[in-house]
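Protein chains: 2
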Amino acid sequence: MAQAKSGLPGLTIRNVRPLGGAASDVHVRDGRIAASADNAEIVDGGGALLLPGLIEGHTHLDKTTWGAPWHRNTIGPTRAERIAHERDWRVATNHDAEARSLALARAFLANGTTRMRAHADIDPSIGLRHVHATQRTRESLGGIMDIQIVAFPQSGIVCQKGVADMMDAALAGGADVVGGIDPCSIDRDPVRHLDVVFGLASKHGKPVDIHLHETGEMGAFSLDLILERTEALGLVGQVTISHGFCLGTLPVAECDALLARMARVDMRIATTAPAGIPVPTLAACRAAGVTIYGGNDGIRDSWTPYGEPDMLDRAMHIGLRNGLRRDDELEWALECVTSAAAVGCGFAGYGLAPGCRADLVLVDAETVAEAIVRRPARRLVVAGGRVVVRDGILVV
Amino acid sequence: MAQAKSGLPGLTIRNVRPLGGAASDVHVRDGRIAASADNAEIVDGGGALLLPGLIEGHTHLDKTTWGAPWHRNTIGPTRAERIAHERDWRVATNHDAEARSLALARAFLANGTTRMRAHADIDPSIGLRHVHATQRTRESLGGIMDIQIVAFPQSGIVCQKGVADMMDAALAGGADVVGGIDPCSIDRDPVRHLDVVFGLASKHGKPVDIHLHETGEMGAFSLDLILERTEALGLVGQVTISHGFCLGTLPVAECDALLARMARVDMRIATTAPAGIPVPTLAACRAAGVTIYGGNDGIRDSWTPYGEPDMLDRAMHIGLRNGLRRDDELEWALECVTSAAAVGCGFAGYGLAPGCRADLVLVDAETVAEAIVRRPARRLVVAGGRVVVRDGILVV
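Protein chains in written order, with the working numbering: chain A, 108 to 503; chain B, 108 to 503.
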C-alpha cells in the first residue's frame, strides 16, 4: 500500500452513491478526496449512500454523563435553577469532564461525526478546568475529529467574578470561539455582557457564538443589541446565535425584519429544533437567506436526560420539528448537519469534492430521507483519510 | 414443565425490578401473572427493569410500508392532498395491507407492544379490504397481541358514498370501535358526520374514537358538538379524541373549560405529541383529570416517513414535546403507553398485579427514564404468558 505525505495509506471506496446520486467510486489520497488513488486499500461500498462527515454544530462535551451510570434527574424547571444545580452536581459527583467528553466524542465519531463545535463551561468554581478537559479530548482525537472549542460563560460574565478574565485566558490558550449567554435574563446587564463578548472577539480576532434562549420582546431586544454590534464592527459571517427562540415567538413581520438584518451580516443560527419550544424555522431562515445549522446541545447531562451522539438523529428531530415529510425536504435537514454547519462554524475544506478533507460516511439507505429516518449503524466512516468505523464498530 | 389450562407452560422470572422498584420474582401461570408457578421455566431477569406490556393507542397498521422498499415521499402539504394522494398511491403500488400490517405488528411485538388500537381505512375505493387485512393480522397474532380495530372513515363519511353502510358492516363483522374524522374540515358537515358516528356507536354498543386535527375555534366547535352528544347519550368513558390539536391552540380558559367537560364524561385523548404542532399537554390533562395516552399514528406510510414501532420511542417523543426532564416526570410518559392507554382503550386485565394477563417487558435500564431515553433492545417479552422475545429477537 502506497504511503502518502500524510503517512496515511490511499483508499478507494467502490460503488457508493454520493448523497443518493448515481453510483461511483471515491478516492482518498494524503487524507483528502482525490481524483484517483494508487495502490490504495479498496473497500466495497455495496451501493451505500455516501455522505460527507457529519457536523455537530452545538454541543457540550464537558457536561455529559455519557458512559457513566444513569444520572437521576431531579432538578427544577427554570434555567437559573438548572445552572445552579449543575454547579453543585459537578462537585457532588466529582464529575470527570475529560473522561466523559472523550467518551462522548468517540460515540459521535462512531456515528460519523468528524467535526464539532463544543461549548466548554467557564465559571468561578471550575475556572478553565472544562476548557482544558475539552482541549485534551481534542488532542486525543487529533487528525481524526476537528473540534472547535467555545469559551462559554454558562453562569454569566458580569454577574460572575473573574469570568471575563478567564475567557480571555481561554481564548489566548486555544479556545476558538467567544461564547455568550442571555445578556438580559441570565447576566442581567446586556450592554456590559456584550461589551465583554465583542471586546474579546476584537482582541483575539475570533468568532462569536451566543446562547440566546430569551423569547419574545426580550430576546428581540438582545438580538437587536447583538446585531447593532455585529454591524458596527463589520463582523460579517463571524457571529452565531444559538437557539434564537425569540425568532419563533415574534410576530412574522418582526421576525422577518430581524432575519433580514441577520442575512445582511451573514449572522448564523444554530438550532436544536426542540419539540416543545417555538423556534426559528428552516423555511423562514431559508427564505431570508440566513444559514441555519443543527446541534444537539447537551446530551444526557444534568440538564436533560435526552440525546443521541448521532447527527442523523438530530436531523430527524429537525425534520420533525419543521414538519419536513418529503424526501427532498429532508435534504434540508441533512444540510443542517453537513454543509450548512460547515459554513456556520467555518470549517474549511468540507464536502465531497476532490481536495476536501476525506471525511466520509457510508450508510445503507436508498435516499437521504431514509438515512435520517432509519439511522442505521454506519457501514464505514473515514475521518481525515483514516478508516475509523467499519460495520458500525469504532476501530480507532 | 407443568402444562396449565391455557396449554402454556408456567414461567418464573427471577430478579426483576417492577417499574424500577425493589428486585423480586414474577410468576406466570395459565397465561396470567400469579403468586407462584410450579414446575415453571425459570428465566434469570438479571436485575432488569420490568414493565407491563406496552400499548400502542393510535396507529394505522394498514397504511404502512414497513418491510417494503423505501417509499419516496413527494406529496403536498394539506391534509386533503395527503388523503387523496394515499388513495392513488394504494393503487399505484398495489399496496398489500395484510402483509404490511402483519410485518409492522410483529415489529411492535419485538419491542414489547402487546396491545394496540389500529385504525383501518374505509372508503369507497377499498371498501372493507383494509379492515379485513387488519383482522387477518389480528388472527395471525391471536393469543399474543390484543388488537382493537377502529372502523375509520379516512376520506369522510357524508362526502363519500356508501361509507356509513361500510362502517356498519365492519362493526357488525368484528371491528371494535367507531371511527370519525374532522367533522368540519374533512367531512364538511359536522352534524351529519356525528349523527352517523354516534348512531353507529348506539346501534353496535361500541366506543368512539374521532381524529380531530382541527385547530382553534373550528376544532373547539367540533369538540363541543362531540361533547354535547357524549353527554346527551351518557357515553361515559366511551369516547376518545385523537390528536385534539385545538386544545393546544385555544386560550387557556377555553381549553380548561373543554377539558373540564371532557373529565366529567371521562372522555380520553390519544396523542402522538408531534414536535411541530400545538397539542394538549400532559400537564393540562393531568390537572383536569382527563386520561391522555400515546400512539404513533402512521409509521412510514404515504403520509409520513417517520416512526418507530416502539412505544418507548413514542414515550420519548411525548417527553420531549412536554418538556419532561426529571426521572419522575418521565414516568408520566410511560403511563401514556401503559396504564393510561389501557384505561383509554379499555383493555381489561392489564398491569403487573396477580391475575393480570401476563404481558411483560424486560429492559436493561436503571429507571423508567433511562428505558425511555435509551430504548435498549428488549431483553425478554412475554405476551399472554408466552415468551415471544429473547435478547431482542422475536421467537414466534
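Be aware that a few hints might be false.
Listed next, with one range per pair, are the computed distances between beta-carbon atoms [unchecked claim]:
| hint | chain 1 | residue 1 | chain 2 | residue 2 | range |
| --- | --- | --- | --- | --- | --- |
| 1 | A | Asp195 | B | Ile149 | 43 to 49 Å |
| 2 | A | Pro483 | B | Pro385 | 51 to 57 Å |
| 3 | B | Gly458 | A | Gly174 | 44 to 50 Å |
| 4 | A | Ala142 | B | Thr181 | 32 to 38 Å |
| 5 | A | Gly280 | B | Gly323 | 23 to 29 Å |
| 6 | B | Gly396 | A | Gly153 | 52 to 58 Å |
No lab work stands behind these hints, which were simulated from the structure alone.
Just so we're clear, the structure is a prediction, and the values are computed from it rather than from any experiment.
Every residue, glycine too, gets a C-beta built ideally from N, C-alpha and C.
Against the structure, the hints come out as follows:
| no. | hint | verdict |
| --- | --- | --- |
| 1 | A:Asp195 with B:Ile149: 43 to 49 Å | holds, 45 Å |
| 2 | A:Pro483 with B:Pro385: 51 to 57 Å | violated, 33 Å |
| 3 | B:Gly458 with A:Gly174: 44 to 50 Å | violated, 35 Å |
| 4 | A:Ala142 with B:Thr181: 32 to 38 Å | holds, 35 Å |
| 5 | A:Gly280 with B:Gly323: 23 to 29 Å | violated, 54 Å |
| 6 | B:Gly396 with A:Gly153: 52 to 58 Å | holds, 55 Å |
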